[in-house]
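FYI, in numbering that gives the first Met the number 0 the residues of the sequence shown are 0 to 285.
Don't take each hint at face value.
Stated by the list, open to error - Derived DEER-like restraints, expressed as beta-carbon distance ranges: (1) K171 <-> L228: 15 to 23 Å; (2) A259 <-> G181: 25 to 33 Å; (3) D157 <-> Q134: 31 to 39 Å; (4) Q151 <-> T13: 37 to 45 Å.
Simulated from the structure, these hints should not be mistaken for laboratory data.
Note that the structure is a prediction, hence the values are computed from the model and not measured.
Each residue gets a CB set at the ideal place from its N, CA and C atoms; glycine is no exception.
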Amino acid sequence: MSATLEDILRSHRTGQAVVMGILNVTPDSFSDGGKFFDPAVAVEHARRLSTDGADIIDIGAESTRPGSLRVPAAQQIDRLREALPAVTASGAIVSIDTTLADVAAFALDCGATIINDISAGLEDAAMLPLAAKRQCPIVLMHMLGQPGTMQQDPRYLDVLAEVREFLSGRIKAATAAGVDRGRIILDPGIGFGKKLPHNLALLAGTASLAELGCPVLIGPSRKRFLAELSGSQDRLPGTIAACLETYRRGATIFRVHDVAPVRAALAVAAAIKAKKFTTEGTENTE
Numbered sequence: 000m001s002a003t004l005e006d007i008l009r010s011h012r013t014g015q016a017v018v019m020g021i022l023n024v025t026p027d028s029f030s031d032g033g034k035f036f037d038p039a040v041a042v043e044h045a046r047r048l049s050t051d052g053a054d055i056i057d058i059g060a061e062s063t064r065p066g067s068l069r070v071p072a073a074q075q076i077d078r079l080r081e082a083l084p085a086v087t088a089s090g091a092i093v094s095i096d097t098t099l100a101d102v103a104a105f106a107l108d109c110g111a112t113i114i115n116d117i118s119a120g121l122e123d124a125a126m127l128p129l130a131a132k133r134q135c136p137i138v139l140m141h142m143l144g145q146p147g148t149m150q151q152d153p154r155y156l157d158v159l160a161e162v163r164e165f166l167s168g169r170i171k172a173a174t175a176a177g178v179d180r181g182r183i184i185l186d187p188g189i190g191f192g193k194k195l196p197h198n199l200a201l202l203a204g205t206a207s208l209a210e211l212g213c214p215v216l217i218g219p220s221r222k223r224f225l226a227e228l229s230g231s232q233d234r235l236p237g238t239i240a241a242c243l244e245t246y247r248r249g250a251t252i253f254r255v256h257d258v259a260p261v262r263a264a265l266a267v268a269a270a271i272k273a274k275k276f277t278t279e280g281t282e283n284t285e
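The task is simple: from the sequences and hints, build the whole structure.
Below, the structure is given as structure tokens:
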């Protein structure tokens, strides 16, 4: 059974694992750019994500891969105009992946219920007031620099402490703008202005981020550092490993391309974590 919006917002208290499926209606996203640019194909993929077990469909109309160029609000809205209303009409919980308030407002008007802002409300001063006015959940993510330049030479003295301090500050900014603290989700921004050691430190330090008292979202899906670690171009095993290890450390929302295998792995991890074992039938020891 899919999580409700309230389940998602309480997941850090209940330990319920939530899967956010990625839907990019862009020509140039790093992993699936162009595959779902056609509205009909995008809607069909959203249905497939839901069937595979996605609790949230995260739809975005601007690539934020390293080196990408920014896309103005009007162009993002044009890309979303056909697909987004059809996806929300299916009954799915939809988040809009944008840093621009005009795009977020359009998406909310079309039935989206969550804002996913990689700038944590810094790029557009109208974003936090919009979230407050609409009383909608918002994802606040850490990013060093801008997508076009963020991977050129990111440096930190203590990446975990700095990201935690940033997110704590953005919680304060959001609540000062009128956003209900219970509707804030935090994302450390894996791969957004981070080298491999930075990503590992953040993943290992998930428990510290969870101590801020909001659900923690982790988005490692298919990212380059996974191939660097594994030596394999198949990034799915690394994606699953990152999700499971951060779930064990307190993260509860996982933004991924490959919903079905991640959902299955998290179901097993959740059962082990909760020690909910069935005694029905014959035990299978194979």
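We went through each hint and held it up to the structure:
{"no.": "1", "hint": "K171 <-> L228: 15 to 23 Å", "result": "violated, 34 Å"}
{"no.": "2", "hint": "A259 <-> G181: 25 to 33 Å", "result": "holds, 30 Å"}
{"no.": "3", "hint": "D157 <-> Q134: 31 to 39 Å", "result": "holds, 35 Å"}
{"no.": "4", "hint": "Q151 <-> T13: 37 to 45 Å", "result": "holds, 40 Å"}
Comparing the model with each earlier hint shows a violation of hint 1 alone; every other hint is respected.
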